[in-house]
Amino acid sequence: MLIECRNLNKNFGSKTALKDVSLNVESGKIIGLLGPNGSGKTTLIKILSGILTPSSGDALISGKPIGIETKKIVSYLPERTYLNEWMSVRQAVSFFSDFYSDFSSETAYDMLERLNINPAERLKTMSKGTREKVQLILVMSRKAELYLLDEPIGGVDPAARDYILKTILSNYSENASVVISTHLISDIEHVLDDVIFIKYGSVTLHSSVDEIREQHGKSVDALFREVFAC
Amino acid sequence: MVPWNFNSTTPIYIQIIEHIKMSVAVGDYRAGDKLLSVRELAAEAEVNPNTMQKALSELEREGLLYTQRTSGRFITEDKEVIASLREQLAAEHLNAFLKKMNRLGYSPDEAVELLGRYISETGSERGGK
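Quick mapping for you: the protein sequence lines, in order, are chains X and W. Our numbering applies: residue -13 is where the first sequence begins, and numbers increase by one. Our numbering applies: residue 84 is where the second sequence begins, and numbers increase by one.
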């Protein structure tokens, strides 16, 4: 099992962000982590990437408790930028290449070229969407076992979104899994194996996309709108 | 080649199966043609490789595809399988046609008569828009 969570809880003061989350994720899957704003998606991803520690419960990745060892095999795309703005794309690439032994500069430059991003450009002068593309390219250029992508497609245009999804599909290896948190479900539904619905910090559904379609006769997007109707 | 288009209600692997069957029936794929790899097909259709794999395995089980361990996956060489696939797809269309005509109040005989008249009236343009 690639990800194992047992009775995870996370509180911020009196606020409960995750409540008794237990879930297992196998290797070789693309999983959508779906939930409305404030449902706990980011908190769960941050726990798995080792940025937050749970208030109680256990989380294991590849059987190991989260820490230095798991960070080596987890490639995490945060929802906010963390690269230094003064860096050029080329500097960011070499920064990643220094930092992660599983990083491939060649893959990164290939993808940058496909998306017409100039490696000499500084992050500061880029549009928000372009900066997001650069970050996703960096994250996907690692040969990790688990990719945690927090809202990777929110800010980019539909054409780039298609390319990015193709990139995710063709770049992850068979023994890796990708967890994508998003609320843009219809855009990514066809690339997902499984979906996890998360509501008020609890997992309410964990099922395959095809099972949902078989059982409910509707798309994940339609089911989401029903389950989370305001 | 027919583009990959997926509706949002049927499981995707079933839509892939139907798509490939249609491509074989209309001759986009011929007997003995080699298929792209699972990954390439998945990228082309923009679906998950696992979903593509599931669809291809099912088609293999049905005998429309076969795998040669070293060289890849192929469309069956058996022309009879392909011929019966065409018939099966035609039967599905006919069934759908008759059902719709029935809802409009035509008996099967009336539907056939109407179809005959429609074909002779529209002549070479038949099957039109």
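To be clear, the hints were calculated from the coordinates, so they are not data collected in a lab. Mixed in with the good hints, there may be bad ones.
Claimed, not checked - Derived pair list, reagent style DSSO-like, types lysine-lysine, alpha-carbon separation capped at 30 Å:
{"#": "1", "chain 1": "X", "residue 1": "Lys204", "chain 2": "X", "residue 2": "Lys129"}
{"#": "2", "chain 1": "X", "residue 1": "Lys204", "chain 2": "X", "residue 2": "Lys50"}
{"#": "3", "chain 1": "W", "residue 1": "Lys104", "chain 2": "X", "residue 2": "Lys152"}
{"#": "4", "chain 1": "X", "residue 1": "Lys15", "chain 2": "W", "residue 2": "Lys104"}
{"#": "5", "chain 1": "X", "residue 1": "Lys114", "chain 2": "X", "residue 2": "Lys32"}
{"#": "6", "chain 1": "W", "residue 1": "Lys183", "chain 2": "W", "residue 2": "Lys104"}
{"#": "7", "chain 1": "W", "residue 1": "Lys117", "chain 2": "X", "residue 2": "Lys204"}
{"#": "8", "chain 1": "X", "residue 1": "Lys152", "chain 2": "W", "residue 2": "Lys117"}
{"#": "9", "chain 1": "W", "residue 1": "Lys104", "chain 2": "X", "residue 2": "Lys204"}
{"#": "10", "chain 1": "X", "residue 1": "Lys1", "chain 2": "X", "residue 2": "Lys110"}
{"#": "11", "chain 1": "X", "residue 1": "Lys58", "chain 2": "X", "residue 2": "Lys5"}
{"#": "12", "chain 1": "W", "residue 1": "Lys117", "chain 2": "X", "residue 2": "Lys15"}
{"#": "13", "chain 1": "W", "residue 1": "Lys183", "chain 2": "X", "residue 2": "Lys204"}
Keep in mind that this is a model prediction, so the values were computed, not measured.
Which numbered hints are broken by the structure, listed smallest first?
-> 1, 2, 7 and 10
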